[in-house]
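Trainee: Here the protein sequences come in this chain order: A and B.
Counting with our numbering, you get residues 1 to 446 for the letters of the first sequence.
Counting with our numbering, you get residues 1 to 278 for the letters of the second sequence.
Among the hints, a few may not be true.
Each computed BS3-like pair below joins lysine-lysine, with the alpha-carbon atoms no more than 30 Å apart [said to hold, decoys possible]:
{"hint": "1", "chain 1": "B", "residue 1": "Lys235", "chain 2": "A", "residue 2": "Lys380"}
{"hint": "2", "chain 1": "B", "residue 1": "Lys105", "chain 2": "A", "residue 2": "Lys300"}
{"hint": "3", "chain 1": "A", "residue 1": "Lys380", "chain 2": "B", "residue 2": "Lys130"}
{"hint": "4", "chain 1": "B", "residue 1": "Lys191", "chain 2": "B", "residue 2": "Lys104"}
{"hint": "5", "chain 1": "A", "residue 1": "Lys10", "chain 2": "A", "residue 2": "Lys194"}
{"hint": "6", "chain 1": "A", "residue 1": "Lys142", "chain 2": "A", "residue 2": "Lys300"}
{"hint": "7", "chain 1": "A", "residue 1": "Lys142", "chain 2": "B", "residue 2": "Lys105"}
{"hint": "8", "chain 1": "A", "residue 1": "Lys136", "chain 2": "B", "residue 2": "Lys235"}
{"hint": "9", "chain 1": "B", "residue 1": "Lys235", "chain 2": "A", "residue 2": "Lys409"}
{"hint": "10", "chain 1": "A", "residue 1": "Lys142", "chain 2": "B", "residue 2": "Lys235"}
In silico negatives: residues of chain B with every beta carbon more than 12 Å from chain A [claimed, not checked]:
{"hint": "11", "residue": "Thr50"}
{"hint": "12", "residue": "Thr63"}
{"hint": "13", "residue": "Lys178"}
For the record, the hints were derived by calculation from the structure and aren't laboratory data.
Don't be surprised by glycine CBs; every beta carbon is placed ideally from N, CA and C.
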Amino acid sequence: MGNITTALKKGDIITRVSFLIMGFGNLVRGQVVKGILYLAVEAVAIFYFLTSGFASISALRHLGTNEQGWVFDEEKGIDVLSTGDNSMLILLYGVLSLFILVAFIFIWSANVKDAYHVQNTVKFGKRPKTFREEIKEYTDSKLHQTLLFLPTLGIISFTVLPLVFMVLIAFTNFDRSHQPPGKLFTWIGLENFKTMLSSGSVIGKTFWPVLGWTFVWAIFATVFNYVLGMILAILINKKGIKYKPFFRTIFIMSIALPQFVSLLVMRNILDDDGALNVLLREAGIIENYIPFLTNGTMAKITILVVNLWIGIPYSMLITTGILMNIPADLYESARIDGASAITQFFRITLPYVLFVTAPYLITQFIGNINNFNIIYFLTKGGPATLDYYQAGKTDLLVTWLYKLTVNTKDYSYASTIGILVFVISAVVSLLTYRRTSSYKNEEAFS
Amino acid sequence: MRKSRGNAIVYIILSVLGIIWVLPILWVIMTSFRQEAGSFTPYFFPKGFTFQNYINLFAENTTFNFSRWFSNTLIVSVFSCVLSTFYVLSVSYTMSRLRFRMRKKMMNIALVLGMFPGFMSMIAVYYVLKLFGISQSLLALILVYSSGAGLGFYVAKGFFDTIPKSLDEAAMLDGASKGMIFRRITLPMSKPIAIYTVVTSFMAPWVDYIFASVIMGDSYENYTVALGLFSMLEKEFIHSYYTRFAAGAVIVSIPIAILFVLTQRFYVQGITGGSVKG
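Isolated chain B (complex conformation) (with noise of 0.2 Å):
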């Protein structure tokens, strides 16, 4: 009796607060399909619903050309996911199976490199785009995301520290040379590993505002979603684009949320990973 009612308690609980996590999504969701324009109402359901808001985003490209911000956002991910990934697992199987002079040495720097502020250095990364002569491109966005990915190899090196080096050396005697076990077991044994890697690297340039906005400043050509959304919001527009801003933000969502439900598991395994062993 007594612990049917605990549980009960717990139900309660978890409703109330299953309904405040939910509620500011399905406002977001709500307002993207409510029919009157403006910021706010002082009403919680929509008089209207429409799909006006979503064909909108798309069709007009007079002050927010939302479609070539969303291709510009595609590019970029794809490009700097396949990097990342190629500079993620290089490193982290380098880090993780092979030995070498500077080894512990170089992990150590990129402990102490991964202490500074990130967008300390980022008007220095832009000078640096500049002197290339690649500022405000697509290019400059996509090699700064990437280029930074091989510090991150901690999570992956975990990873390949779990795969048994028995299998590598058997390979060994068989006469492989150490290229031939990267490519022929390593890589196809690291999957989930690579799995993640490439869904957060995809993820980065669709929410990141900090580097994106410093780096393409006022080229509203090359704009990422994440800077358009926001400059819908700035005052003179926030009150007509309010709905279509919350379109905006439901279709970058949709993808990613997708995405983090489905790889959550190594999200997890990423960060207890290499505790929970010790």
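One chain only, chain A, in its complex shape (with noise of 0.2 Å):
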């Protein structure tokens, strides 16, 4: 912003038209193909927004005004069926404006800059550049926007736009009785968050109980994986264990195997019908089966208990580095002081871990917060219950979600979910990734 005061107060006459007419001083002063290319960008730019532009950008205000119906045709003397506005559509078209806008502002001010920066170029003797030498920079000091190019356009059209868009339905009430094209929706503010938040509601009874599940499926999940996982870090290493690569490929075998395969046949094996109840009932242990995903608690605990098996080999794979960083005096030290074993895992190896590890468990946990997979795949959130809106008893909050959306299309609802889970995400990762070293030392290697 300060560029373009200055080049508004310093520039002269030919600088201060490049404002209204784009690549003017570019033109004026000998770069005629980047010029020509501003002025071209500007042409298509009020072409774009007389157009159609403006009028996608004003109709975010009510998101349409004409619902779906019988009009009556004064001409042919009866109804006649109006298609109406879709609101969703309409939002859609004024984002991507907006996105257009911001593009345009961005090319904008980059051609007020350019504009003083030739004229202060010409004013101090030198020759303006060629285009063939400025294409030539974008090789050499200008090379991060070439490469950062390709990728950032693919990050805004399919990651920022849609989350922007998705955010803003937050605050609409987008839901499964407001669906376009037959209906139409609008902004009602922070609405959704009060029924969501609030325990009145049947959506606020369901969303309170999936977030304490979800914390407290985050916190076991992520601390019973971690040690676990060390401890058979630590087992595998331990002195004089032979076929140490043996075992650590076993266990790796089943990170190797994709997860829905895993956790589809682990659904199949707990079903109430299913390989284990069947074998267990043969061999006369049970009489009836033992309801392992359908019954709440039970489901609770069994998914915990398959994801030790999911999530165990990760962190044994990645505690196993670190175990054999420790400096073994470490241990002889505490040896000849006359500690023991689990002392000596509790004062010396777990401390030393989990220095190292802390951001990894950061995103674990996050990571588990997120967790679709598991619990799709393995009860796909139920046992059901009438307590709740349209989740099971096992659904996380982002199972809720993905149901949301996908089965009842209660758009609405399902963004607010995802705005908490991104305010949960950043809170946790915020309060703790910053303070970890990879962040505060990035220049250390260099």
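Quick one: dock chain against chain with the hints and give me the complex.
Mentor: Here you go:
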């Protein structure tokens, strides 16, 4: 911004004209190709915004006014079906136009700075760069722009744009009873958040227990996997144990198996009539089947146990390398002082590994809050309950979000949940991530 | 004496755990060769073994066109892995080596974007794809898998951070441009991280279910293997197709397992690399 005001104050008449006619400064001062490009951008932008852009943006205010329905046509003398406005498309086009507007302002300010820059170049008696020279800069001093262009374009169109669209939906009433094209939806402010967080509504009565289970699940899953994985790594690394690579490979096999395969197989084995129940019954250990996945509490325990099968190998894999890095003399002196194996674990191993893997632990925790696969493939969130709105006893916030999106099209509630999950993840990681060494010591190696 | 007894206990624990970990995998493999149909049997070892499940999987295309799904997934994997690798290497090199005004800010934005639940916006992604007129196509899947790849630059950036800067400076003194340094010096040295990126992005389409299911909907022709195999387990099919599902699962798992075992050390480096040095 500062550059633009300087350009306005100190720029000559040619630079100032460039505020209105893009590329004017470049054209006058000999950078013809670039000037024409700027001018072309301006022409396209003016055409776009006059024909549809501004209309799309201003329609964002109300998201459509004409509902689909029968309207009396005076000429024909009968009722005809009017298609009405599609709030969803209005919102989408509006957001898209806003993005284009931002992009245009970006190019426009580049144009102004450019015009001022070339004015100064001429003033100091230098020759403005030719187009070819400027292109060449993109492989050297402006390499970062070249390299970032396509990835950023991809991220903006398939991550940021949908995200903005979805975040906005959290402030509308785009739920199952306001589905375009038949019905309109509109802005309702923070209403969804109120419904979600109040304990009075059925949505709120679902939200709080689901949130509670999400936290319980994330904490238990993270801690159990981490500690047990570390113990497994210690066992394999123990002095005198042979076939270390063999044991390691066995456990790694379960990571290599795609999760949807292993989890679907587990679901089948643990079914009420599944292999495990059948085997136990045949063996005479139980009389009735055990409801591994069909009883709320039981299903939660089963999920945590199955998750051990999935998660322990990961933390084993990660802690193995770190364990080997612990200076051996630490243990040596601990042994001389008469510390038992358990004391050594709590006083040396755990603090050391914890220190190194703190960022991993945070990512694991966030990952578990967002762990879709294990719930969806194992129980689909079930067993179902009438106390909840569209959620089962084992649903996490994210699987509930998925169900609201795919099954009932309650998009407004789904994105409200998404935003709340974001807030949780952001708070957890901001509190912890910034303290980790990898963030602070970025330049340590250079 | 005490030591050997301790080791014996460790061997027993490891063996028991090892069996628990291998059992489900073994079970899938045995099911894939099982002669009798059905989703489960009241006995552990199949009564008869056959190769027919694998043959049927590829030969019978009327209900489930597995060979088509397999080639779909392969196409999507190859393209999205090329694009993703290019994106990730570009972004991570830029963030690690080049210094410019918005660098720190952009890295923070990437972090923040990563904190939104990935599939919160999936329905919006679907509408954006529809806007471009490419929903329910393989191209859509390729774009969705690869376009976000630029956000996952942290692992590769950590790797680039460890390449000594003196190399760049020496080349710069010899008059090399930054683009030349990237192509001639950094890229050849970044083989391990390039392999890691190629492998992880190649594997993603084989195991992803959520995005594929939202984007493809009911377009059976364009299903990927994950979607296809999942649809074999629907109530009306599970009995007659379970052994075939297992065969498909084995076929999908083998390449992924091999790739993973071969590249696990990069995986570990990727997660701990950034923190160990601090």
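Trainee: Next step is simple, just say for each hint if it's right about the structure.
Mentor: Now the hints, each set against the structure:
1. Between Lys235(B) and Lys380(A), the direct Cα distance comes to roughly 14 Å. Compliance with the 30 Å bound is thereby established for this hinted pair.
2. For the given pair, Lys105(B) sits about 41 Å from Lys300(A) by alpha-carbon distance, which is inconsistent with the 30 Å threshold.
3. A distance of roughly 28 Å separates the Cα atoms of Lys380(A) and Lys130(B); the hinted pair therefore holds under the 30 Å criterion.
4. This hinted pair checks out: Lys191(B) and Lys104(B) have alpha carbons roughly 26 Å apart, not beyond 30 Å.
5. Between Lys10(A) and Lys194(A) the CA atoms are separated by roughly 52 Å; this puts the pair beyond 30 Å, and the hint is violated.
6. Proximity of Lys142(A) to Lys300(A) is assessed by CA-CA distance (about 54 Å); at most 30 Å being required, the pair is judged violated.
7. For the suggested pair Lys142(A) and Lys105(B), the alpha carbons sit about 18 Å apart, so the restraint of at most 30 Å is met.
8. Restraint check: the Cα-Cα separation between Lys136(A) and Lys235(B) comes to about 62 Å, which exceeds 30 Å; the hinted pair is violated.
9. Between Lys235(B) and Lys409(A), the direct Cα distance comes to roughly 24 Å. Compliance with the 30 Å bound is thereby established for this hinted pair.
10. This hinted pair does not check out: Lys142(A) and Lys235(B) have alpha carbons roughly 58 Å apart, beyond 30 Å.
11. No Cβ of chain A approaches the Cβ of Thr50(B) within 12 Å, the least distance being about 19 Å, so the stated non-interface status holds.
12. No beta-carbon of chain A is positioned within 12 Å of the beta-carbon of Thr63(B); the least distance is around 18 Å.
13. Non-interface status of Lys178(B) relative to chain A is broken: a Cβ of that chain comes within 12 Å, the nearest being about 4 Å off.
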